[in-house]
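Number of protein chains: 2
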Amino acid sequence: MYKIGIDVGGMSIKAGIVKDGQIISKMSKETNCERGVEGLSQDIADLVEDILSQNNIDIKSVSNIGIGIPGVVTNEGAVTCVNLGLKNSLIVPILEEKFKGTKVSIGNDANVAALAEFSYGSMRGYESGVMITLGTGIGGGIIINGKLITGANGIGAEIGHMMLSTNYFDCNCGNNGCFETFCSATAIIKYAQKLAEEGKTTKIIEYAEGNLNNITAKMVFDAYREDDSVAIEVVDRFKKYLAMGLANIVNFIDPQVISIGGGVSNASDIMLNGLNDKVKKHLPFKEGNIGDIVIAEFKNDAGILGASAL
Amino acid sequence: MYKIGIDVGGMSIKAGIVKDGQIISKMSKETNCERGVEGLSQDIADLVEDILSQNNIDIKSVSNIGIGIPGVVTNEGAVTCVNLGLKNSLIVPILEEKFKGTKVSIGNDANVAALAEFSYGSMRGYESGVMITLGTGIGGGIIINGKLITGANGIGAEIGHMMLSTNYFDCNCGNNGCFETFCSATAIIKYAQKLAEEGKTTKIIEYAEGNLNNITAKMVFDAYREDDSVAIEVVDRFKKYLAMGLANIVNFIDPQVISIGGGVSNASDIMLNGLNDKVKKHLPFKEGNIGDIVIAEFKNDAGILGASAL
Chain L
1 MYKIGIDVGG MSIKAGIVKD GQIISKMSKE TNCERGVEGL SQDIADLVED
51 ILSQNNIDIK SVSNIGIGIP GVVTNEGAVT CVNLGLKNSL IVPILEEKFK
101 GTKVSIGNDA NVAALAEFSY GSMRGYESGV MITLGTGIGG GIIINGKLIT
151 GANGIGAEIG HMMLSTNYFD CNCGNNGCFE TFCSATAIIK YAQKLAEEGK
201 TTKIIEYAEG NLNNITAKMV FDAYREDDSV AIEVVDRFKK YLAMGLANIV
251 NFIDPQVISI GGGVSNASDI MLNGLNDKVK KHLPFKEGNI GDIVIAEFKN
301 DAGILGASAL
Chain Z
1 MYKIGIDVGG MSIKAGIVKD GQIISKMSKE TNCERGVEGL SQDIADLVED
51 ILSQNNIDIK SVSNIGIGIP GVVTNEGAVT CVNLGLKNSL IVPILEEKFK
101 GTKVSIGNDA NVAALAEFSY GSMRGYESGV MITLGTGIGG GIIINGKLIT
151 GANGIGAEIG HMMLSTNYFD CNCGNNGCFE TFCSATAIIK YAQKLAEEGK
201 TTKIIEYAEG NLNNITAKMV FDAYREDDSV AIEVVDRFKK YLAMGLANIV
251 NFIDPQVISI GGGVSNASDI MLNGLNDKVK KHLPFKEGNI GDIVIAEFKN
301 DAGILGASAL
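So the protein sequences, as listed, match chains L and Z. Reminder that position 285 of the first sequence reads as 285 in UniProt numbering, one-by-one numbering, no gaps. Reminder that position 280 of the second sequence reads as 280 in UniProt numbering, one-by-one numbering, no gaps.
Honestly, the hints are just simulated from the structure, not real lab data. Keep in mind that a hint or two might mislead.
[As the list claims (entries may be wrong)] Mimicking BS3-like on lysine-lysine, the simulated pairs with C-alpha atoms at most 30 Å apart in a straight line are:
no., chain 1, residue 1, chain 2, residue 2
1, L, K194, Z, K281
2, L, K299, L, K29
3, Z, K147, L, K280
4, L, K87, L, K26
5, L, K190, Z, K240
6, Z, K239, L, K281
7, Z, K281, L, K240
8, L, K218, L, K281
9, L, K240, Z, K280
10, Z, K147, Z, K190
11, Z, K87, L, K281
12, Z, K190, L, K281
13, L, K239, Z, K281
14, L, K87, Z, K278
15, Z, K240, L, K239
16, Z, K203, Z, K299
17, L, K190, L, K100
18, Z, K218, Z, K299
19, L, K280, Z, K87
[Said to hold, decoys possible] Short, incomplete list of chain Z residues facing chain L, as computed with Cβ under 8 Å:
no., residue
20, I149
21, I159
22, F252
Predicted, not measured: the structure shown is a model, and the values here were computed from it. Note that the Cβ used here is the ideal one computed from N, Cα and C, for glycine as well.
Kindly generate the complete structure, drawing on both the sequences and the hints.
Now the structure itself:
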């Protein structure tokens, strides 16, 4: 039997046919954010039909279709996502009506990425794990005793919005001190811009060709490798708060493994160096063991793979 | 069949015989902190034998003995507790040898209190819940899908040491911004002392008979009821950070219920008033539902009841 994973993003909807944890075929189409739940469901259904026909696979050979979506998903599958025009919208029943006999499931995209790592990637073989994705924001997914923890109202694992300390700017969510305002790619860029604006000399400005709006997290890590003092300040700050954020995760549920993904994790050598000890420093019991800290395995395919494993 | 719950504290060891969720008999003896694992195990064994003989109950009628202890308890039952002179100490095998045929279990005291509320008290009937105990420090216990979550290394549910913001003094654990430095009874007292030392007029000083060292959390809440402006400032600060701490719990695992215990929860009317809305304000999605926030049912008996339910 095959599984189908659907990864709904703000720009595109990606579909993949998965067999034995491998994506054997992929297809995508543009996301049309104005079409609401009916339109989105139709687009997903079309994509499923197209990818099946392209691969000469009958829907009867598909055990389940899983969908990952960037929004709040209740345990009943109701999705709220402002960007996609969804409010407590039910996609699953529409697709189950279209593909009778095939199980359809839906989950939050960050949770789904965690499931991909847990089922097939960096967290395979563990029983409990937390995944954090350091990108534009910080996404989170929690697995305990082999089960994805989405919470009583589908609003769990919002680890990016865990308040951690006080910061010099507020989070988009209206609060101050959210984890993602310290450790997302956006936070790294913002702090580098701040230091550059204060007039500090740095290679980062050179890499950005003089335009601070061009700064990327990669440029900061590249400059760090060149012993650039501003880059060192930015990265040290990032690592300080990353250790605090991970310590809070350990304090909470002490998982067997924490997997770090997202663009920032490309600089894994810099990020992981000394991180374990820094995390322990922020625990009440500093002598015990903590779980493994690893780098996520999947990049763009996490959504499809995880959704197929829902 | 009967269960026996043992509550090991720094001052006394309490034992109780539990039947159908009720304590039918209690007994206690002084804790002798210098006797190490062998001595402590012997003291527990003596207490078990005494309470059974006093009640004419045979050990064969006891299905299990559970022990709650203030320390780190690994999944293998190894206990580390500086105050009791224990370091990776195994109490369970010693007691199982003494009481052959009776199952013996051990757990952290805050986790055990959560289990008491979950099995018999304020969280009964829920599937997932978090308990926080606002006392000298803040203890925590997490239950997901009916199971106590103690973590991979027994260091989970240390919710009191979740870093939350920046504070004007450091936590005993060496970090800054731990939840318990904002919301424990100690934190409330400390902030009232600080404002009084700054020369602000307040009824709290009167209640404390002019000695700031006499201030209790109860005095602060009593003065709050009298519209005392310093008490209002202290309580408002406490509630602000309590809402942030609870929001972090919701952000993490979105439990069906959060139960608040400990001495501070005696002022439940003041504490709960408006709390739900304040918590929602600190979530990224402010329109959804959150779990119930309730007050713990058991006071001193939580340890015995919870241990018996291990």
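Results of checking the hints against the structure:
Between the alpha carbons of K194 of chain L and K281 of chain Z the distance comes to roughly 28 Å, so the proposed pair stays at or under 30 Å and holds. Restraint check for K299 of chain L and K29 of chain L: the C-alpha separation of about 19 Å stays at or below 30 Å, so the hint holds. Between K147 of chain Z and K280 of chain L, the direct Cα distance comes to roughly 26 Å. Compliance with the 30 Å bound is thereby established for this hinted pair. The suggested pairing of K87 of chain L with K26 of chain L holds, with an alpha-carbon distance near 29 Å, which does not exceed 30 Å.
For the given pair, K190 of chain L sits about 28 Å from K240 of chain Z by alpha-carbon distance, which is consistent with the 30 Å threshold. Between K239 of chain Z and K281 of chain L the CA atoms are separated by roughly 28 Å; this keeps the pair inside 30 Å, and the hint holds. For the proposed pair K281 of chain Z and K240 of chain L, the alpha carbon gap of about 27 Å is at most 30 Å, so the pair holds. Distance check on the hinted pair: K218 of chain L and K281 of chain L sit about 27 Å apart at the alpha-carbon level, within 30 Å; holds.
For the suggested pair K240 of chain L and K280 of chain Z, the alpha carbons sit about 28 Å apart, so the restraint of at most 30 Å is met. Proposed proximity of K147 of chain Z and K190 of chain Z is contradicted: the alpha carbons are some 36 Å apart, above 30 Å. Taken as a hint, the K87 of chain Z and K281 of chain L pair is honoured in the structure, with Cα atoms around 19 Å apart against an allowance of 30 Å. For the hint linking K190 of chain Z to K281 of chain L, the alpha-carbon distance of about 25 Å falls within 30 Å, and the restraint holds.
For the hint linking K239 of chain L to K281 of chain Z, the alpha-carbon distance of about 28 Å falls within 30 Å, and the restraint holds. Distance hint between K87 of chain L and K278 of chain Z is fulfilled; the C-alpha atoms sit about 23 Å from each other, no more than 30 Å. As the CA atoms of K240 of chain Z and K239 of chain L are separated by approximately 28 Å, the hinted pair is consistent with the 30 Å bound. A C-alpha spacing of about 28 Å is found between K203 of chain Z and K299 of chain Z, which places the hinted pair at or below 30 Å, so the restraint holds.
Between K190 of chain L and K100 of chain L the alpha-carbon distance is near 49 Å, which puts this suggested pair outside the 30 Å criterion. Restraint check: the Cα-Cα separation between K218 of chain Z and K299 of chain Z comes to about 16 Å, which is no more than 30 Å; the hinted pair holds. Of the pairs offered as hints, the one joining K280 of chain L and K87 of chain Z holds, with about 18 Å between alpha carbons and a cut-off of 30 Å not exceeded. A cut of 8 Å between beta carbons decides the hint on I149 of chain Z: the least distance to chain L is about 6 Å, and the hint holds.
With 8 Å as the threshold, the beta carbon of I159 of chain Z comes within range of chain L, its nearest partner Cβ sitting at about 7 Å, so the hint holds. Interface restraint check: F252 of chain Z against chain L, minimum CB-CB distance 6 Å, threshold 8 Å, status holds.
Comparing the model with each numbered hint stated earlier shows that hints 10, 17 do not hold.
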